[in-house]
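Engineer: Single-letter residue listing:
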Amino acid sequence: TQLLEQSPQFLSIQEGENLTVYCNSSSVFSSLQWYRQEPGEGPVLLVTVVTGGEVKKLKRLTFQFGDARKDSSLHITAAQPGDTGLYLCAGEGWGKLQFGAGTQVVVTP
Amino acid sequence: DAGITQSPRYKITETGRQVTLMCHQTWSHSYMFWYRQDLGHGLRLIYYSAAADITDKGEVPDGYVVSRSKTENFPLTLESATRSQTSVYFCASSEWRRSFDEQYFGPGTRLTVT
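Sequence order for the protein chains is C and G. The numbers in the numbering used here rise by one with no breaks, and the one at position 42 of the first sequence is 42. The numbers in the numbering used here rise by one with no breaks, and the one at position 81 of the second sequence is 81.
I should point out that these hints are in silico values taken from the structure, not numbers from a laboratory. Every residue, glycine too, gets a C-beta built ideally from N, C-alpha and C. A portion of the hints provided could be inaccurate.
[Stated by the list, open to error] In silico lysine to aspartate or glutamate, EDC-like type, Cα no more than 16 angstroms apart, as pairs:
1) C:Lys59 x C:Asp83
2) C:Lys96 x G:Glu14
3) C:Lys96 x G:Glu59
4) C:Lys96 x G:Asp56
5) C:Lys96 x G:Asp101
6) C:Lys96 x G:Glu95
[Said to hold, decoys possible] Which bits of chain G does chain C cover? Going by a derived footprint, with three or more residues having C-beta under 8 angstroms, they are:
7) 36–46
8) 83–96
9) 105–113
[What the hints assert, rightly or not] The following residues of chain G were derived to be distant from chain C, with all beta-carbon distances above 10 angstroms:
10) Thr15
11) Asp53
12) Val65
13) Pro75
So here's chain C without its partners, still in its complex pose (with noise of 0.2 angstroms):
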């Protein structure tokens, strides 16, 4: 089973912040994703990354896939309460999915 480790579990920070979230494994994957979930919803894909050193922007997100597609980071610029949520890294393996345990991240005004 490949495991992927995401840190910290819990970040709380204030509105206007920036903040970063990590993903980590000892296994290769072939792409990696990157959800959000808010509660008493299921996971909303945010981004694939697909190539080692691979960097992807959404707005004030910024993704980047290691340079052996072992790790992840996503890095928030200037979070905003809007972006309070668990977010959960998986990685592509075989056909499959394996998920982090996510990181909750909460934005405060």
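Let chain C serve as the given structure and place chain G on it in line with the hints.
Structural biologist: Structure of chain G alone, referenced to chain C:
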């Protein structure tokens, strides 16, 4: 409505009872998945299906049974519920034409086994 739906949204059952969680999608996606979500474990794959009448085990299949007679439905049955099966269950679907295609998740079923 278009999309992926799950029923019931909440269920309380007793230990030893059989319970079935329903999942229905309107996109005609080939792939469907069942996950359970528990604190500290994230989402863990229970079973998945590549097409009607094709199912396979995921990471935590013990105590669960699935079937897929129609493309749009993928019910999950707990044959004899145990307290350790108390969890939030998510169904997802995907076209999966490429290995990294998006999975679309339902709203979840919160199951409590007493």
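Engineer: Taking the closest pair, is the beta carbon of Asp53 of chain G still more than 10 angstroms from chain C?
Structural biologist: With a cut-off of 10 angstroms, Asp53 of chain G remains clear of chain C, as the shortest Cβ separation is near 18 angstroms.
Engineer: Confirm or reject: Pro75 of chain G is not an interface residue toward chain C, with every Cβ-Cβ distance exceeding 10 angstroms.
Structural biologist: At about 17 angstroms from chain C, Pro75 of chain G clears the 10 angstroms cut-off, so the statement holds.
Engineer: Does Val65 of chain G clear chain C by more than 10 angstroms, comparing its Cβ with all Cβ atoms of that chain?
Structural biologist: holds (19 angstroms)
Engineer: Are three or more residues of the region 105–113 of chain G within 8 angstroms, CB to CB, of chain C?
Structural biologist: Per the Cβ count (4), the hint holds.
Engineer: Hinted pair, alpha-carbon criterion (16 angstroms max): Lys96 of chain C, Glu14 of chain G. Please report holds or violated.
Structural biologist: violated (32 angstroms)
Engineer: Does Glu59 of chain G sit within 16 angstroms of Lys96 of chain C, going by the straight-line distance between their CA atoms?
Structural biologist: Cα-Cα ~10 angstroms, so holds.
Engineer: How does the region 36–46 of chain G fare against chain C when you require at least three residues with a CB closer than 8 angstroms, holds or violated?
Structural biologist: holds (count 6)
Engineer: Hint check: Lys96 of chain C vs Glu95 of chain G, CA-CA at most 16 angstroms. Holds or violated?
Structural biologist: holds (13 angstroms)
Engineer: Would you mind confirming whether the straight-line C-alpha gap from Lys96 of chain C to Asp101 of chain G stays at or under 16 angstroms?
Structural biologist: At roughly 11 angstroms apart (the allowed maximum being 16 angstroms), Asp101 of chain G and Lys96 of chain C satisfy the hint.
Engineer: Would you mind confirming whether the straight-line C-alpha gap from Lys59 of chain C to Asp83 of chain C stays at or under 16 angstroms?
Structural biologist: holds (12 angstroms)
Engineer: Against chain C, does Thr15 of chain G keep a CB gap of more than 10 angstroms to every residue?
Structural biologist: holds (26 angstroms)
Engineer: Could you grab the alpha-carbon distance between Lys96 of chain C and Asp56 of chain G and see if it respects the 16 angstroms cut-off?
Structural biologist: Roughly 11 angstroms separates the two Cα atoms, so the pair holds.
Checked against the numbered hints above, the structure violates only hint 2.
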